[in-house]
Amino acid sequence: MFSEESRKAMILVTDYLPADGTTDVSDALQALIDENPNRTLYFPDGTYLISKPILTPADPKRSVALRFDNFATLKAAPSWDSDEAMLRLGASHPANDIRTPGSNYSLVGGIFDGSSVAKGISIDGGRETMIRDVSMKQVQVGLHIKWGANSASSDCDILNVNIVGNGKPDSIGVLLEGYDNTLTNMRIADVHIGLDIRSAGNSLRNLHPLYTCDYTDYQNSCGFYDHTGSNWYSFCYSDHFGNGFRFADGVTSILDSCFCMWYTNRGEYQTAILADGKFNSIFKNYKIGFHKDSTANKILSVAEDGGTGLLDRLLFNLPLVNDTAHLPYVIGGIHHI
Numbered sequence: 001m002f003s004e005e006s007r008k009a010m011i012l013v014t015d016y017l018p019a020d021g022t023t024d025v026s027d028a029l030q031a032l033i034d035e036n037p038n039r040t041l042y043f044p045d046g047t048y049l050i051s052k053p054i055l056t057p058a059d060p061k062r063s064v065a066l067r068f069d070n071f072a073t074l075k076a077a078p079s080w081d082s083d084e085a086m087l088r089l090g091a092s093h094p095a096n097d098i099r100t101p102g103s104n105y106s107l108v109g110g111i112f113d114g115s116s117v118a119k120g121i122s123i124d125g126g127r128e129t130m131i132r133d134v135s136m137k138q139v140q141v142g143l144h145i146k147w148g149a150n151s152a153s154s155d156c157d158i159l160n161v162n163i164v165g166n167g168k169p170d171s172i173g174v175l176l177e178g179y180d181n182t183l184t185n186m187r188i189a190d191v192h193i194g195l196d197i198r199s200a201g202n203s204l205r206n207l208h209p210l211y212t213c214d215y216t217d218y219q220n221s222c223g224f225y226d227h228t229g230s231n232w233y234s235f236c237y238s239d240h241f242g243n244g245f246r247f248a249d250g251v252t253s254i255l256d257s258c259f260c261m262w263y264t265n266r267g268e269y270q271t272a273i274l275a276d277g278k279f280n281s282i283f284k285n286y287k288i289g290f291h292k293d294s295t296a297n298k299i300l301s302v303a304e305d306g307g308t309g310l311l312d313r314l315l316f317n318l319p320l321v322n323d324t325a326h327l328p329y330v331i332g333g334i335h336h337i
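Residues in the sequence shown are numbered from 1 upward in steps of one, following the numbering used here.
None of these hints come from the bench; they were simulated from the model. Hints should not be assumed to be uniformly reliable.
[Unchecked claim] The calculated DSS-like cross-link candidates involving lysine-lysine, where the alpha carbons are at most 30 Å apart (straight line), are:
#, residue 1, residue 2
1, 284, 137
2, 137, 168
3, 75, 137
4, 52, 137
5, 168, 287
6, 168, 61
7, 75, 52
8, 75, 61
9, 168, 292
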């Protein structure tokens, strides 16, 4: 991933602690971060075992950048008992500062193994944090972007991240609480909720959550759960969840060229859009693939009629739909596939 010249400019983590997968390096790694402000820490391939969360500073005068080789793994020890994520970016030395160099600290590369008990990565504070080319495995929550430092805005950029959860009914791929983030090119599996979105101003592009759990409480699973509205989706794909896209009462988000499908006939219903109250969101070019053996399929399920939502150009296998709740919201026609 990095040239020899680049590596020489970084702090080589293995000069200070082992990557043998058996030694607990929590304290040594935390000290290395705390003692090297405004430096880049490089993690060669190996397994770095930790028993408690690792924190990086939000203050740009103290911040660090983390670079992992492709097969460098940060792994939660079996004794893990913290409710926080394995790596907490911007969790120490809080700051709301984009003028000082170091504010846009980053995490690049690596594997984060939660051992089925830990959460993966959280962004706790700071501004404009960037994460890319990261893989998370066996995590209870993959990525948690917390309430942002700038009047709730966290302004994060997340790119090329894949997440595999622990398959439990409370597992979540991405939990969004900070505002104004951009998430691009993500694959998520083995979670009950793909993206749990509790903030606004987010741009969500080419995100693909896939349901691979054991069908416990399947009817309440969903690919995307938007609690707040004012979010923008482009080519987001809910794959085999009980509900494709779910919205809290009356929220309005904009979705373009999105997709949901099912590959078996599991569940009481296969529901493409679920509204907890009135449906007020706007879909354009929404394609839906119900399973051919399913007998209870819904384009839209609303808890309350009278919403202002729009379904502009729906594409779905028409003979498999036996519910009409979507019809008052359709403009631009229905296209049979």
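Each hint, compared with the structure:
no., hint, verdict
1, 284 - 137, "violated, 33 Å"
2, 137 - 168, "holds, 13 Å"
3, 75 - 137, "holds, 9 Å"
4, 52 - 137, "holds, 17 Å"
5, 168 - 287, "holds, 29 Å"
6, 168 - 61, "violated, 40 Å"
7, 75 - 52, "holds, 10 Å"
8, 75 - 61, "holds, 28 Å"
9, 168 - 292, "holds, 28 Å"
Of the hints listed earlier, those the structure fails to meet are numbers 1 and 6, in rising order.
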